[in-house]
Every structure is written in structure tokens, then in C-alpha cells.
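A.B. asks: Take a look at the letters that make up each chain.
There are 4 protein chains.
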Amino acid sequence: MKIVIVGSCGKLGSQVKNLAIKKHEIFSVDLNSNEYKNLSEINSKVDLIIDTSSHEQSVNSTIYAYKHNIPIVIACTGHTKNEMLEIKSYSKFIPIFIAYNMSYAIQLFKKIVHYLAKNFDCDAHLHEIHHKAKKDSPSGTAKEIEQIFKKERKFLSISSVRAGNIVGEHELTFFSNDETIKISHTAQSRIAFANGILKASEFIINKKPGLYNMENLVQDKI
Amino acid sequence: MKIVIVGSCGKLGSQVKNLAIKKHEIFSVDLNSNEYKNLSEINSKVDLIIDTSSHEQSVNSTIYAYKHNIPIVIACTGHTKNEMLEIKSYSKFIPIFIAYNMSYAIQLFKKIVHYLAKNFDCDAHLHEIHHKAKKDSPSGTAKEIEQIFKKERKFLSISSVRAGNIVGEHELTFFSNDETIKISHTAQSRIAFANGILKASEFIINKKPGLYNMENLVQDKI
Amino acid sequence: MKIVIVGSCGKLGSQVKNLAIKKHEIFSVDLNSNEYKNLSEINSKVDLIIDTSSHEQSVNSTIYAYKHNIPIVIACTGHTKNEMLEIKSYSKFIPIFIAYNMSYAIQLFKKIVHYLAKNFDCDAHLHEIHHKAKKDSPSGTAKEIEQIFKKERKFLSISSVRAGNIVGEHELTFFSNDETIKISHTAQSRIAFANGILKASEFIINKKPGLYNMENLVQDKI
Amino acid sequence: MKIVIVGSCGKLGSQVKNLAIKKHEIFSVDLNSNEYKNLSEINSKVDLIIDTSSHEQSVNSTIYAYKHNIPIVIACTGHTKNEMLEIKSYSKFIPIFIAYNMSYAIQLFKKIVHYLAKNFDCDAHLHEIHHKAKKDSPSGTAKEIEQIFKKERKFLSISSVRAGNIVGEHELTFFSNDETIKISHTAQSRIAFANGILKASEFIINKKPGLYNMENLVQDKI
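Protein chains in written order, with my numbering: chain X, 42 to 263; chain E, 42 to 263; chain B, 42 to 263; chain L, 42 to 263.
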């Protein structure tokens, strides 16, 4: 299909472009792009917009998507409440996918975490490792996993390591009497996130108007 | 509750007894037992029979369970077709639990294997390790996992190691583009199997007549 | 060879006996033994004493070993300074092996820890897991590993988990730029400790008088 | 120091440049470079040459290094016997480092493999994982590890997995009675190899004339 990538020269945008270009026709929009500086310069009818630029710009991209009646995948963070309300208002007319945590596998991972937290009554420990530059600890995903346990009224102990260049590892172990189940997710590079965005794109292309996220993507497949 | 353990002096039976005795009143039946040599010697009304002895004896135990209208957990293997037909015939009148693979966690494990095999399109490899005395390779559980993949029309590669004293490890890895999910089950001792039998006992105690197995036990909880 | 096991009915002593009996002739000494209640009852000339009983008794066993000019392996802890001085005094005449940490593999493990701590300049993290009943945290072995890093003027971060029935796991990871080395030791059962004692026994049998420990055992082999 | 990188626009050369430029002054030599097309264009006195281009070119670079009396690190493969003989002949006059397997950590890894293969008598298994595009199986490193075991007259079983995008994982497990030691090396990206080349550069800069390799680099530090 014909896909516009807004923010195509950024860290994430360029990886999305590299991946998408193998299967799709890509229109690069970026102030630093030598294709298009702005969405308004595109004359063709396109099938989808992916915005990896910034929360401010993503609102403009959503308006553009609404005017041309095409779905949009928003893969940037930091939206204000007002920006989010504005984006939501357009979701009555077009399908909008908000992809905060863009790894597809981490969604599957959270599903099996939930299943085990519910059905396996025993001690549980989460060990997560990220690169030294990461400031928050435990990680956002670790906090989400902790919430899954809290909803089941169970306790999860967590240890966090900040070391080396590790992109992201989450290892959850269930210690029953004399047997253990260990599940782990490892992101080897940021390409995992670009892949998630492409999966989101393929998911949303034929959907009805509405607001979608990574959880819908996975729920749809069970 | 009052539980009869038939085969209480065997390898598995004695471990079941050791665990069960903490919560329940146990009646030991075994030719080597100094309590009861035979089921017929028991005078009290009991709540449940667990048979860990042999496929031949388990048919007799089932008849006893039928006559006294109590549930039975059969935790031995090798039944002939005729023995199994006879056992099944009594399941119209009493709840009968057949526990071939007695680890509870391995049932949970197979559930998440199935979920990932279905939803995670990527290369998958199973690495399983057992003690050197184990003759079959790949393990029975490995073959079951392979079947799960076949039903989803997906390929699973398998490597088997026979080394040291390892009770049993199954490690399944899904290799997606730049991210991996690894799930593993480790049995640390045969007590895991005794635990599974006790879970089966608690599950079956109030069930309607019928034939149950470990899969029912887990399905019941989702 | 002919081996006396003092404390042969204890938790560790009985496991040592079970293992040793496959290769050696065993004399069981224990107040609960139906062989010998006391060392003095033994008439045969024996080749080695293993004492797994208590720090008080191990002094008596050492005196017996001295009088009969045979080597002794002491595999119990908690000796007072005076007891230790007395034991040492006999090491001028007979070989005495003091086995505090009785796993052989953990000695090898500490050797490679030392090698990597010295040669691999990068972030390091130790993750250790033990059963819930274990009171001290981090484990004694974790503290020894920390000391190895301190001697190299390097920092080691540690996380400790107390969960399930885990006998003991130590996993040490070195996080370099874009590559990692992970080394782990897992004790699957207390038999590992019994094995270490047997290795110590075979090591000491032909040694000169002196005081030996697990470190000597390993150093001897490099 | 002043470092010339020959082949600075190649896959490996550009990564070496990116890393080296943080600490050193770099002269880029490459047919595609907009700095220097050829070594002969450089006028300054430099401290070191790193050649990541090709076996043919590396001979020319070695002659240049000899004429200017500077050390050289050769980080390309495929040399013919004659090329290697020619390179060796210059090692009487200048220090030459041949870096075939450029990861520093894998050298440390092989050291501890050797130590354990020698000292830990038990079953051993190597499980190695690489991306699907890798043609050889088992990997070159796996074969080197197998040789280490053969020299100790011990058997190593090996399983190889070719899946996903995995840069390279080697996991070696020693299965003793009731305890295991597991050691693993994981390369997260090719930057690991660039790092090894820089370590080689710092190692060779003050060495006497001679032929060096990654093994020397590590041996030097023990």
C-alpha cells in the first residue's frame, strides 16, 4: 500500500521507513527529507499515515488524515490532555491507532503474564535489565506487570538492573514447590518497535473508525 | 479430608503421602505398609482414593471406589485398552481423575505454548534436558508441544540433551525480528508430580461423575 | 577404602553415606545408628574419617584420627576459636580437611568469577535465588563473590530473591558494550554437598599432614 | 593517538571509525571516502593502521606500515597462504595484530571454557544460536570449543539453532551430580567486534615487532 511516514528522518521514523519500504510504497515527510517537507505537498491518494514525529505534529497529521479519510498510526508520545481529546474527536470518523509501547511481542508477553498470575499460585519475581542511560526504575513495563499481579491480589517482587547497552529484558519467574516457570522477553534492537508499528498499520487498514492500541491488536487475534 | 493412598510405599506414593499428610487424614494401603495391606481392611468412610500403585491394581481400586461411591485419582500408567474401558465404565457413576502427566505447572505451560504458537509468527525452537537414564528422546512433553505447533501448521525445531541428573527442563524460544520470547518449565524434583496429584484430588472431590484429566483441571480455572 | 562416617544418621551424613557406600566400605557412627554409637567401638583399621556431626564432636573425632594416624574430613560448621586451634594443632601430624562450603563446583565457579572480575572491565550484576526459609540475604557465597570484586577495586550490584524451594542459584552477568557473559551455578539438591565431601576425601587420602580446604582441592588441579 | 582506518566506509570499518573517533584522531581511507582514497595521500605521521578492507589490500597496508615503522591491526579474513607469509615477513620489523575473531569477551569465554573442561568432570553440552542467514553449523566458535574438549579427551555434545536475527549466542552447560554450571556469551551487535579491534589497537601500540592475535591480548592480562 501507499504509506506516508511523517518524521521519516528521525531515529524511529527512519527504521520504520527501512522496514516498510520492502513491502510498501513510501512517501517520506520530514523537515530534513529531500522528498517532502510537509504533508500538504503530497498529491497522490495514500492508504495510511504513520506519524513518528512529535505530539504537536501528530495532531496536524490527524487532521490531514481526517480530511482525506485515511487511517493513521500515531507512534509518538507526550501528548497533552487537549491534544489527546482533539485526536479522539477525529476517531469518530477515521480509524486511529495510538501505539505507545510499540513492541508486538511485549503485548503477547503481558497476556501470558496475566494468565500465569491468575492461575499459578506461588512466589513470583520479576528481574528487568536496561541500559545505563535509562532513568526510570522499575521500567514502565515492569510497573504494568506489577499492576497485573495487583488486580489478582498477588504480590510480585521486582529487581532492576541498569547496565551496559541492554535494550530491554524482562524475566518473570514463578517459583512453585519443586517446579518453576520462567518467561522472558528480550528486545534486541529498536527494530522491534518499528515492526510493531508495521503490524499496527496492517491491523488498522480495514478497521471501522475508532481509537485502537496495541492491546486491541493482540486481542483481535485470540 | 480422609484420603486412602494405594501404593503408599512406592516412589511416588510415599511422596504423595508425605505431602498429603500435612493437610489430610491418610490411610496407607500397600503390601509393604504396616497400616493396611488391602483396601478391604479399611472400615472408616473415606472421601477419596489416590492410586499410585499399578495399572492392574488401579482397576480394583476403581471398583472399590464405585462400591463406596467415592471419587478416585488414578496416578499410574500403562493401562491396557480393556483396563481403560473398564475404568471408563465406572465414570458414569463416580468422578475419576486420570493423571498421566502429573505436574500442574506443565499444564499451564502447554496453555501458554498454545497461545504463543497461535499468535506469534516466527521461528521457534524447543530445547529439552533430562537425566541420562531417560531412554526416550525427544521427551513425551516435547512431542506434545510439537503437536501443538503442527495443529497451527507451524514448524518447531527440537534439540534434546541427556545429561547429569536433570529431572526435566523444557525451554521454548520464539525468535521474532529483533525480539525474543523465551518460556521454560523446570521440574526440580518428583515432588512436583506429588503436588499435581494433590491438586487433582482437591479438584475432583466435588465434581459430578465423569472422566477428568490434568487438562480439565487447568481449563476449569481460566 | 574403609571410611568412618561420624554423624551418619544426620541430614548431610546420611546423604554422604548413601553416596560413599557405592564405592567404599562404610562404618556408621551415630547415637541413632544401629552399627556404632561411638568411634571407640570400631576395631578395624580404617583409612579415613568423615565427620558431619557437630563442632564439639569433630574435635573428639580429630583426636581419634590423630591417635590412629588417619586423615579426617570435617564437614560441620560453628567451631569456636579454641576448637579450631585444637584441630589445627593436630594438623602437624595428620592431614585435616575443613569443608565449609562443600560444593566442588562452587569452588570452580569462584575461580572463573575471579578471572572475569580481573579481566573484563564492565558492569557486573549478581542475581541469587534461594528458598524462602533462608534467613541471610545476600547469601554467604554472594558476599564472597562481592569480596572478589572489591579486591579488584570493582563494583558488583546484587539482587537477592527468596522464593519457593530453590536450593541455591547464583547468576553473574558481565555487561560489556554489546556483548555479555553470563555464568551461573545451580545446586539442584543437597547431594551436591555430599559429592563435594567425597571429592575432599579422595583428595586428602594421600596428602602430607596439614590443614586443607575446598580451595586447596581446586587449586591442586589447575 | 592518530589512527588510519583503511576500509573506513565498509560495514565493520564504519563501526570501528564511529567508536574510535571518540578517543582518537581518525584518518579515513576508502575508495568511497571523501577524505582519502589511498594510504599514500596521507602526509601526517600516524601512530597506527587498522585495516578492515580486504585480504589483498591488507598486504599493501602492511607494506606501508613497514615503510613508516608503525604497528598495524589487520581485521579482515580470507588471506591466501602467500599473503599470510608476506605479512609474517614484515612482523620481524613491526608489530602486526591479526584479529580473526574480534570479540574480546569471546576470548575470555574460551579461557573459562578451557578451565572448566579441564577441571569439571561431568557431562557437557553446548547450545549455540545464530541468525538464519548463517550458513555454517556448528559455528566456528563452537568448533573451537569442541577442540578444547578434545584436547582434554572429553566429549562435548552440541546443538545448533538458526533462527531470527540472533547475532550470536553460545551457551555451555556442565551437568554434574545435582549441580550445574552454565556459562554463556551473547553478542548483541557487531559493535562488539569493533570494540575488540580497538582493544587490539591499544594492546599493540607499544609492543615489540612480532605477530599477535586475540589470544595474546587476553593472555597478556592474566
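Worth double-checking, as some hints may not be accurate.
Where chains are identical, the list cannot tell them apart; a pair therefore holds if satisfied intra-copy or between any two copies.
[To be verified] In the SDA-like style, the derived pairs of lysine to any residue whose C-alpha atoms are separated by at most 20 angstroms in a straight line are:
(1) K151 - F134
(2) K52 - H96
(3) K176 - I199
(4) K175 - N218
(5) K175 - I199
(6) K240 - C163
(7) K223 - H155
(8) K223 - Y77
(9) K133 - V208
(10) K223 - F161
(11) K191 - M125
(12) K63 - A174
(13) K152 - E193
(14) K240 - F161
(15) K176 - Y107
(16) K64 - K195
Hints were generated in silico from the structure; no laboratory data involved. This structure is a prediction, so every number in the text was calculated from the model and none was measured.
A.B. asks: Next, verify each hint and record whether it holds.
C.D. replies: Against the structure, the hints come out as follows:
1. K151 - F134: neither (30 angstroms within a copy, 42 angstroms between copies)
2. K52 - H96: within (15 angstroms within a copy, 35 angstroms between copies)
3. K176 - I199: both (16 angstroms within a copy, 19 angstroms between copies)
4. K175 - N218: between (35 angstroms within a copy, 15 angstroms between copies)
5. K175 - I199: Classified as both; 17 angstroms inside a copy, 19 angstroms across copies.
6. K240 - C163: Only across copies: K240 and C163 sit 13 angstroms apart there, 35 angstroms inside one copy, limit 20 angstroms.
7. K223 - H155: both (14 angstroms within a copy, 16 angstroms between copies)
8. K223 - Y77: Neither: 48 angstroms inside a chain and 42 angstroms across chains, both beyond 20 angstroms.
9. K133 - V208: Close neither inside one copy (37 angstroms) nor across copies (45 angstroms); limit 20 angstroms.
10. K223 - F161: both (12 angstroms within a copy, 18 angstroms between copies)
11. K191 - M125: neither (28 angstroms within a copy, 44 angstroms between copies)
12. K63 - A174: So K63 and A174 pass the 20 angstroms test across copies only (18 angstroms; inside, 32 angstroms).
13. K152 - E193: Both: 14 angstroms inside a chain and 19 angstroms across chains, each within 20 angstroms.
14. K240 - F161: between (31 angstroms within a copy, 12 angstroms between copies)
15. K176 - Y107: neither (37 angstroms within a copy, 49 angstroms between copies)
16. K64 - K195: The answer is neither: 44 angstroms in one copy and 23 angstroms across copies each exceed 20 angstroms.
Of the hints listed earlier, those the structure fails to meet are numbers 1, 8, 9, 11, 15 and 16, in rising order.
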